Amino acid sequence: MSNPTDWAAVRADFPILDQQVRGQPLIYFDNAASSQKPRAVIAAIAHYYERDNANVHRGLHELSSRATDAYERARAKVAAYLGAASAEEVVFTRGTTEGINLVAQTWGAKFVRVGDVILLTEMEHHSNLVPWQMLAERTGARLRFVPVLDDGTLALERLGDWLTPEVKLFAFTHISNSLGTINPVAELCRAARAVGAVTLIDAAQSAGHLPVNVREIGCDFLVLSGHKMCAPTGIGVLYGRAELLEAMPPWHGGGEMIVSVSYERSTYKKAPHKFEAGTPNIAGAVGLGAAVDYLERLGRAAIFAHDLELTQQALAGLDALPGVRVLGPRGERGGLAGFVMAAAHPHDLTTFADRHGLALRGGHHCNQPLMKKLRLPGTTRASFYFYNTRAEVDRMLEILAEAVRFFA
Amino acid sequence: MSTELEELYQSVILDHSKRPRNFGEIADGAVHVHGDNPSCGDEIDLSVKFGADGVVEDVKFKGVGCAISQASASLMTMKLKGRSEADAREMLRAFHDLVTTEVADPPRLLGDLRLLAGVRKFPQRVKCAMLGWRAFEQALEQKSGDASVSTEEA
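Chains A and B, in that order, give the protein sequences.
Counted the way numbering that gives the first Met the number 0 counts, the first sequence spans residues 0 to 407.
Counted the way numbering that gives the first Met the number 0 counts, the second sequence spans residues 0 to 153.
Chain B on its own, in the form it takes in the complex (with noise of 0.2 Å):
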């Protein structure tokens, strides 16, 4: 068994994607993202609600899609609820890093998020884990209403 499947497939990940947490949709005031992978099909229906000075109040999320992008997604609205906006920022940031390039010391505010830098040894599934975060990058840009991003240009 190769290693690096193991590093990309631990077993936090895969009961992310089988059990995936903050799983549904957020009814009122929320801004709705829909992301989606066009060459792999996944999709994301992200709910963010945000409160006063941009506070990550609630965040939960649908989607179908490989354990990668489903993990990511779900571990990423663990972490991102009561996050004030810099900090969300600074997590999109640091978990970019984290999945593109060789970081030596990923930023603790990452938590179980570390378990998913496996994914730089893979880079053709780097856009699944990045699904989520795109569709949550896209929410803070607009703060209302409802959009939808893609990984690949329309």
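Only chain A is shown next, with the shape it has when bound in the complex (with noise of 0.2 Å):
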């Protein structure tokens, strides 16, 4: 990248963002819930269904096979995207949520034994929580847990007293969707290996934030969802060593997994194929792929670079602010912050903001545990993106300073 990005122009490209809301003009913080769509992303999804729209991998007309290539040009893209061997190892979802429990329940369920250890860590996300609780239930494994410390990183010094030979799968998360800290994954990857276990990142909000590679990385699995890395929502990735989803047991049962079927039994295809029973988002996954495209040239590092910028001027008003308090680490970490107002309740500073035409988070984000440990009921989250802009920031630290009177 030699231009700066001019990220004013880059803007221009969401319409969502040219609107007003109860008034004001629309400061849309809550992009790790979920991001908004580039005009080239719509224009993909609507000209797959004005163009090319048909089943896929089945159709011998013209129509189809477009289609089909549409979709596999996707998973291509993907996979050129993270870095991964091949397009094999790439296997469309709805979403994280859905990517994890596919490895929870196909995986999990012929390799997990009872008194096998399931490692985790406390700032998980329930969807990196839930499905592996499941399957605790139904092998007999164990869960166990790498603690958070108070400045919202892992306790990575005493690592080795949780991640001992009887793990067979640590799945954490790539950054804290509440306390904005990024794990070492590449680290945490060499650790596990190390030990024989498996490992799974949850990439849901890092995947459009920072540069991704998964062989850098060197992790088995890895799951992200589209729609918080400008694609729709309803598709998702997992993706999996060839190694390990060649493994696999078939999950979905149905069409478009199967090699040949008779009344008794089938055989099914190879991966990535085998994990996609039935008709597959095709136009979701066509976004996906303009999403990675529209990415890829605005450049990972440099949308990294933005996030970050917005999130210390965003820090430092914070800690300006009266009875306010900034959760996880400093210096570098993913786009967002998390925030308790002494105050204000997150609900009643949400609700607040949301009248003044701001858009944040306010709840437990999926953390009730973590926010348990933590002592809070909750947090209020700006979680930024490459189209926000500084002005912006400061408008968000005005409406909570006027907050701050208010419900004083």
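Hints are computed from structural coordinates only; laboratory data are not their basis.
Where hints are given, some of them may not hold.
Said to hold, decoys possible - For each label pair, taking beta carbons as the anchor points, the in silico distance ranges come out as:
1. B/ARG107 x A/ASP393: 29 to 35 Å
2. A/GLU242 x B/GLU3: 56 to 62 Å
3. B/VAL125 x A/LYS109: 42 to 48 Å
4. B/ASP14 x A/ALA108: 51 to 57 Å
5. B/GLU3 x A/ALA11: 29 to 35 Å
6. A/ALA11 x B/ASP14: 42 to 48 Å
7. B/ALA26 x A/GLN132: 32 to 38 Å
8. B/VAL125 x A/ASP318: 41 to 47 Å
9. B/GLN9 x A/VAL129: 35 to 41 Å
10. A/ASP150 x B/GLN9: 35 to 41 Å
Said to hold, decoys possible - Derived lysine to aspartate or glutamate pairs resembling EDC-like cross-links, with alpha carbons at most 16 Å apart:
11. A/LYS371 x B/GLU42
12. B/LYS142 x B/ASP27
13. B/LYS61 x B/GLU24
14. B/LYS120 x B/GLU6
15. B/LYS48 x B/GLU6
16. B/LYS120 x A/ASP353
Keep in mind it's a predicted model, so treat the numbers as computed, not measured.
Glycine included, C-beta positions come from ideal geometry on N, C-alpha and C.
Dock chain to chain to rebuild the complex, using the hints, since each chain is given by itself in its own frame.
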């Protein structure tokens, strides 16, 4: 990247941002929940439906082959985006949650036994906790958690206390959705490999925000949601190392995942198709492919730098507000600021913000056990993306200062 | 500043949320109901002591949550104490109407609870205002023992 990005021009790619909410210019700071979509993605989906729509992998007609090409091209784009060895390592899912459930119910059902340990961390989103609780219940495996320290980072110095040879799988988030902590994923994967544990990374908060390369990280599985990275809802990705995907039994049975079927039994396709029963979300995959192209053009390093700049601006401003405490580590972190305001409960504060055109998230952020540990009823979160501006952060800080006075 | 916000967070409501009245627990002879809003994490522990003929002799609550849930519960305890069962049921119905529909002339029976009428402009917050009342409704149903209610089905 030689020229600095013209972020104002980039922002103009997002028609939804140009509107008033409750009589005020919209400030959309709920990007960690879902991002907005650029025209390029919306146009790719429209083009698919207006020109190419048909079912994939089975029709012998022109539209079906175009739809199949578009779908498989999207898979190849995602594979390149993630640095996967091949497109066969990319399984399309509905999102992060489905990807984790797929691994828990196929790999987990086959390889996890009574007495095995599934290691998680205390900062996992419910989507990277509940599927493992269900697996533990079915198999008799035990759950163990790497603690979160007061500064919002993991207790890495004592990782060996929890990451022992009984650990069959170590599943952890790349970026915490409530604390903003960026976990040292490559280091965690190395440590897991040393004890023979398989790794799964929840990249929901990172895949659209910073460079993510599965081979450099050295993970076995990685899951992401398209809608948090400029793609539509209902499409996501499970990356799995080829060897692991091949060893896993299929998940849902049905069309599209079989080679041949008799009344008594069937044979299954190879990965990724054996995990994609039924007609897939073709338009969603096309949208994700367009989103990946879009993000690659901007450059993920530039996106990360932009997010970080806004985050540091927000943290400095929040620190200066009376009765406001910011959560999570300082320095390099994900593009979000989670905080508590002594005068106002997160839901009162987000209602207040909403009436000023400011979209924040308030609550437990699908981190109930973590909030309980931190003794918080929840937090308020502002989460940024590359189309947000310094002026918007300034305006947020003004609105929050007003809230401090209003609720005092 | 939005007038709807000012109506929602009137000074009496903010005062009750910061200094809740009848905050605590009735140890003996009371019905205890735990109520929660799982999606927001608001919680209420309500104790109600019924007298002869179902009169609400005493009512206390403990809880954590947003200003609306806590203020509504606090105001509720003040208004329910000493009421007959029939009055209490009438207040429950009238309060629900107050926060969900346009009521031209809310019943005087509700007293300061009428200050919560602003909630109806914020549909996502109705369950906050109703949390304490849902717990009270459950207490009325059983009249003894312990129970829990949730604004979402488990």
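Consistency of the hints with the structure:
Taking the beta carbon of each, B/ARG107 and A/ASP393 are about 47 Å apart, not inside 29 to 35 Å as hinted. A/GLU242 and B/GLU3 have their C-beta atoms about 58 Å apart, which keeps the hinted 56 to 62 Å range intact. Our hint of 42 to 48 Å for B/VAL125 and A/LYS109 holds, since their Cβ atoms are close to 47 Å apart. Restraint check, B/ASP14 to A/ALA108: a C-beta distance of roughly 56 Å satisfies the suggested window 51 to 57 Å.
Here the CB-CB span from B/GLU3 to A/ALA11 is close to 32 Å, well matched to the stated 29 to 35 Å. In this structure, A/ALA11 and B/ASP14 meet the distance hint of 42 to 48 Å, their C-beta atoms being roughly 46 Å apart. A beta carbon spacing of about 36 Å between B/ALA26 and A/GLN132 agrees with the range 32 to 38 Å that was offered as a hint. The given range of 41 to 47 Å is broken by B/VAL125 and A/ASP318, whose C-beta atoms sit roughly 35 Å from each other.
Taking 35 to 41 Å as the suggested C-beta distance range, the pair B/GLN9 and A/VAL129 conforms, at roughly 40 Å. Here the CB-CB span from A/ASP150 to B/GLN9 is close to 39 Å, well matched to the stated 35 to 41 Å. A C-alpha spacing of about 13 Å is found between A/LYS371 and B/GLU42, which places the hinted pair at or below 16 Å, so the restraint holds. Between B/LYS142 and B/ASP27 the CA atoms are separated by roughly 13 Å; this keeps the pair inside 16 Å, and the hint holds.
Restraint check for B/LYS61 and B/GLU24: satisfied, since their Cα atoms lie roughly 7 Å apart, inside the 16 Å limit. For the given pair, B/LYS120 sits about 9 Å from B/GLU6 by alpha-carbon distance, which is consistent with the 16 Å threshold. As the CA atoms of B/LYS48 and B/GLU6 are separated by approximately 33 Å, the hinted pair breaks the 16 Å bound. For a cut-off of 16 Å, the pair hint linking B/LYS120 to A/ASP353 stands: about 13 Å separates their Cα positions.
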